[in-house]
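Asks: So the protein lines, in turn, are chains A and B. The first sequence begins at 1 in full-length UniProt numbering and counts up by one. The second sequence begins at 1 in full-length UniProt numbering and counts up by one.
Calculated from the structure, these hints are not laboratory results. Be aware that one or more of the hints could be misleading.
If several chains are the same, the list does not tell them apart, and a pair holds so long as it fits within one copy or across any two.
[What the hints assert, rightly or not] With a cut-off of at most 27 Å between alpha-carbon atoms, the simulated DSSO-like pairs for lysine-lysine come out as follows:
| no. | residue 1 | residue 2 |
| --- | --- | --- |
| 1 | K134 | K201 |
| 2 | K91 | K186 |
| 3 | K91 | K67 |
| 4 | K91 | K81 |
| 5 | K91 | K28 |
| 6 | K70 | K102 |
| 7 | K186 | K28 |
| 8 | K81 | K67 |
| 9 | K134 | K102 |
| 10 | K28 | K145 |
| 11 | K62 | K186 |
| 12 | K70 | K91 |
| 13 | K102 | K166 |
| 14 | K70 | K81 |
Below are the chains, spelled out letter by letter.
There are 2 protein chains.
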Amino acid sequence: MMSASSSSSSSNPMSREDATLLPSIDDKYGGVRTEMTHPMDPSLFSSLLRASLSNWTLQGKKGVWIKLPKHLIGLAESAVKEGFWFHHAEKDYLMLAYWIPKDVHTLPANASHRVRIGAYVINHNKEVLVVQEKTGQFQGQGIWKFPTGVVNEGEDIHDGSVREVKEETGVDTEFVQILAFRQTHKTFFEKSDLFFVCMLKPLSLEINAQESEIEAAQWMPWEEYTKQPFVQKHELLRYMTDICSAKTDGGYEGSTPIRVSAPDQQGAPDQQGNLYYNTRDLHSRH
Amino acid sequence: MMSASSSSSSSNPMSREDATLLPSIDDKYGGVRTEMTHPMDPSLFSSLLRASLSNWTLQGKKGVWIKLPKHLIGLAESAVKEGFWFHHAEKDYLMLAYWIPKDVHTLPANASHRVRIGAYVINHNKEVLVVQEKTGQFQGQGIWKFPTGVVNEGEDIHDGSVREVKEETGVDTEFVQILAFRQTHKTFFEKSDLFFVCMLKPLSLEINAQESEIEAAQWMPWEEYTKQPFVQKHELLRYMTDICSAKTDGGYEGSTPIRVSAPDQQGAPDQQGNLYYNTRDLHSRH
Chain A
1 MMSASSSSSS SNPMSREDAT LLPSIDDKYG GVRTEMTHPM DPSLFSSLLR
51 ASLSNWTLQG KKGVWIKLPK HLIGLAESAV KEGFWFHHAE KDYLMLAYWI
101 PKDVHTLPAN ASHRVRIGAY VINHNKEVLV VQEKTGQFQG QGIWKFPTGV
151 VNEGEDIHDG SVREVKEETG VDTEFVQILA FRQTHKTFFE KSDLFFVCML
201 KPLSLEINAQ ESEIEAAQWM PWEEYTKQPF VQKHELLRYM TDICSAKTDG
251 GYEGSTPIRV SAPDQQGAPD QQGNLYYNTR DLHSRH
Chain B
1 MMSASSSSSS SNPMSREDAT LLPSIDDKYG GVRTEMTHPM DPSLFSSLLR
51 ASLSNWTLQG KKGVWIKLPK HLIGLAESAV KEGFWFHHAE KDYLMLAYWI
101 PKDVHTLPAN ASHRVRIGAY VINHNKEVLV VQEKTGQFQG QGIWKFPTGV
151 VNEGEDIHDG SVREVKEETG VDTEFVQILA FRQTHKTFFE KSDLFFVCML
201 KPLSLEINAQ ESEIEAAQWM PWEEYTKQPF VQKHELLRYM TDICSAKTDG
251 GYEGSTPIRV SAPDQQGAPD QQGNLYYNTR DLHSRH
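Just chain A, with the same shape it has in the complex (with noise of 0.2 Å):
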């Protein structure tokens, strides 16, 4: 048996020619990767996996990935006897992940943090755009609060904001910047929350609330916003009025996104992203 025969060319990416081992391809950093698509005996895909595993050592391979989707979740258990682990699952597969060398592995971390936005959304009269929800901690409170909500996989934290108030109130915006982030862990079971607070300029001013999570969305004169005791007794709520009203009155910057290209950690072509920063303070310099 030829030792590349379990590798692909790009034009066959999932070869089965050789039955006696797993589909793979390469991947760009040194690894192989399995995405396993039609039902396997349990006992014929571990024999295949020890196959595999020997010929991808013999090639000096690091890194193996093997995809499994929900439905064929019955092989995990043979991956985990040959010492796979879990890197990370979405809600439709799990991806399990083994190192072959001795040394310490350089596979990239899982995921830890969930990204949510909250909205500082301000008309011309000095109202700002706050709702009631109708579940979690503040349901059937009577407490107005900014909207907020979490970005999207895959989606802009700028974008993710516009969206949200959308969704939330009907109101149209123009995102303008962050006014300050928040880090805390454990937020749910032991992943982390990164919480961007943005100010949205508002381009309609009618509010269409939303049904399914939205008990009421008004526009409340912003004093009338502070003065509520939930806002007086939270630090953090204290904090973003402070900072909102540094905006509103003027002086305050925060961190506005540019697009730039970005070199990619792994050895990629160059990456787009959006860069957050002091924009007034780095432009006063030219």
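Got chain A; can you put chain B on it based on the hints?
Replies: Chain B only, in chain A's frame:
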């Protein structure tokens, strides 16, 4: 069978008294959590799970969590057949989730971002702390770059930056502020990346480069660092050098952390966290 028999009292959180139901504890959000710890025949697990789901449904429970340690992954197939999906996985366990009500679930999203730091450490001679890495894209190319690293699970960003600099170079530092941050997507699989550029003040000068990851480390004159073709070539690095220069020359303000408590989004007691904001602009108003 009493419908309450699967719920535990706080003194006996994982009661096994009733062998026809899975042990579970109520969570704070109207759901239940089951953590499997001992091997069980998959067909027994299936029948216990079905009985438990009926029971939880009668009780009006919403979310159901099943945590399976790696060595019990053989039970996952039974849960998938009952309609469970994967919520997340860590090295040693898979968390499965299920939503009993007919409406859209309100379970928290899986973590979507990794958090990394880059450290700008400059001494009184205007020399910047730079490293050459042993692995990755830049190995063997003679490129000097800022120390970078992944923030650990549960670690504050500023603590992560101080730790990474110490690990990679042996230099002790004090965190100053976050100068800028960048969000990129699909940096590994579907996950996103938040990269925080941190300024740190050196507290020691002697360098002890980390053997496993770092080829070399040195204090390099700032001008020499910025003149590297690698730095000149990449848009992100040009911005970063401009921002770092603006910080050192004075006038540029980033985000400084303060410890604040905040209302927990899930209704738990107030959480401690770090709020990062432009302290200069806020405090200059007072």
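Asks: Against each hint, give a clear statement of whether it holds in the structure.
Replies: To see whether the hints hold, each was checked on the structure:
1. K134 with K201: Answer is within; shortest intra-copy Cα gap is 25 Å, inter-copy 47 Å.
2. K91 with K186: both (21 Å within a copy, 17 Å between copies)
3. K91 with K67: both (13 Å within a copy, 14 Å between copies)
4. K91 with K81: Answer is both; intra-copy 23 Å and inter-copy 14 Å each pass.
5. K91 with K28: The answer is both: 26 Å in one copy and 23 Å across copies each meet 27 Å.
6. K70 with K102: Cα proximity of K70 and K102: across copies only (22 Å, versus 31 Å in one copy).
7. K186 with K28: between (33 Å within a copy, 15 Å between copies)
8. K81 with K67: For K81 and K67, the Cα distance is within 27 Å both inside one copy (16 Å) and across copies (19 Å).
9. K134 with K102: between (53 Å within a copy, 17 Å between copies)
10. K28 with K145: between (47 Å within a copy, 22 Å between copies)
11. K62 with K186: between (32 Å within a copy, 22 Å between copies)
12. K70 with K91: both (8 Å within a copy, 18 Å between copies)
13. K102 with K166: between (52 Å within a copy, 25 Å between copies)
14. K70 with K81: So K70 and K81 pass the 27 Å test inside a copy (19 Å) and across (10 Å) alike.
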